[in-house]
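Read off the chains here:
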Amino acid sequence: ETGVTQTPRHLVMGMTNKKSLKCEQHLGHNAMYWYKQSAKKPLELMFVYSLEERVENNSVPSRFSPECPNSSHLFLHLHTLQPEDSALYLCASSQSPGGNSPLHFGNGTRLTVT
Amino acid sequence: DQQVKQNSPSLSVQEGRISILNCDYTNSMFDYFLWYKKYPAEGPTFLISISSIKDKNEDGRFTVFLNKSAKHLSLHIVPSQPGDSAVYFCAASLVHTGANSKLTFGKGITLSVRP
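So the protein sequences, as listed, match chains F and G. Using our numbering, the first residue of the first sequence is number 1, and each one after it goes up by one. Using our numbering, the first residue of the second sequence is number 115, and each one after it goes up by one.
Hints were generated in silico from the structure; no laboratory data involved. Incorrect hints may have been included.
The list that follows gives simulated cross-link-like pairs (lysine-lysine, PhoX-like), each with its CA atoms no further than 20 Å apart [as the list claims (entries may be wrong)]:
1) F:K41 - G:K216
2) G:K221 - G:K185
3) G:K119 - G:K221
4) G:K119 - F:K40
5) G:K119 - F:K41
6) G:K168 - G:K182
7) G:K119 - G:K216
8) F:K40 - G:K170
9) G:K168 - F:K41
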């Protein structure tokens, strides 16, 4: 399998649940990202990992907790979310974390918080 | 405060004609620009990029033009094909800031190419 794979594709969770989003990249890239896409809003960067070290935390609430166990895997742990957190969550990877390194995106997880 | 603006939410063109997608930015320090395309139920895919030291970059049917004085860039697709129907995102970054530079995206524009 190639590219960036995200699971699950769809997730419905209550506000008291704990769930995790998973991302895996098979491109040999050194940087991985979590983005949030809400309706009628630009893509918002949440977290950046470079060689498994978090280099960016874009003022994201603590109810979102990222984990990068190795350069190929990235998780986003979710707990006590709010309905306004419902969105498309996109994982991406790139050769390096620099802004001129094109991102390769997964197909996203459509999250609905009830 | 949106630093990258795609003011037209949608564009419809006839197959075979030119599609021109516009993007404006407010931060004059941006020095690298990218376009991404997104089909429904898929993640965005990288299309073409341009450095601020250039004013044009071409790749097949796709050409990006950069006007730094106007802080404006545009993506030209010619000839347009029905398979080009998608959402197109403009993005900008501050490459000169090094490894911690990040992309700022616009809201996207939906292109529909009519057969």
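Each hint, compared with the structure:
1. In summary, the hint linking K41 (chain F) to K216 (chain G) is supported, as the alpha carbons are separated by about 17 Å, within the 20 Å threshold.
2. With a CA separation close to 17 Å, the supplied pair K221 (chain G) and K185 (chain G) stays within the 20 Å bound.
3. Taking the CA atoms of K119 (chain G) and K221 (chain G), the gap is near 7 Å; set against the 20 Å cutoff, the hint holds.
4. Only pairs whose Cα atoms come within 20 Å are accepted, and K119 (chain G) paired with K40 (chain F) is accepted, the gap being roughly 12 Å.
5. As the CA atoms of K119 (chain G) and K41 (chain F) are separated by approximately 11 Å, the hinted pair is consistent with the 20 Å bound.
6. With a C-alpha separation of about 9 Å, the suggested pairing of K168 (chain G) with K182 (chain G) holds against the 20 Å cut-off.
7. Under the criterion of a C-alpha separation no larger than 20 Å, the hint pairing K119 (chain G) with K216 (chain G) is consistent with the structure, at around 16 Å.
8. As the CA atoms of K40 (chain F) and K170 (chain G) are separated by approximately 29 Å, the hinted pair breaks the 20 Å bound.
9. The hinted pair formed by K168 (chain G) and K41 (chain F) fails the criterion: a straight-line CA distance of about 29 Å is larger than 20 Å.
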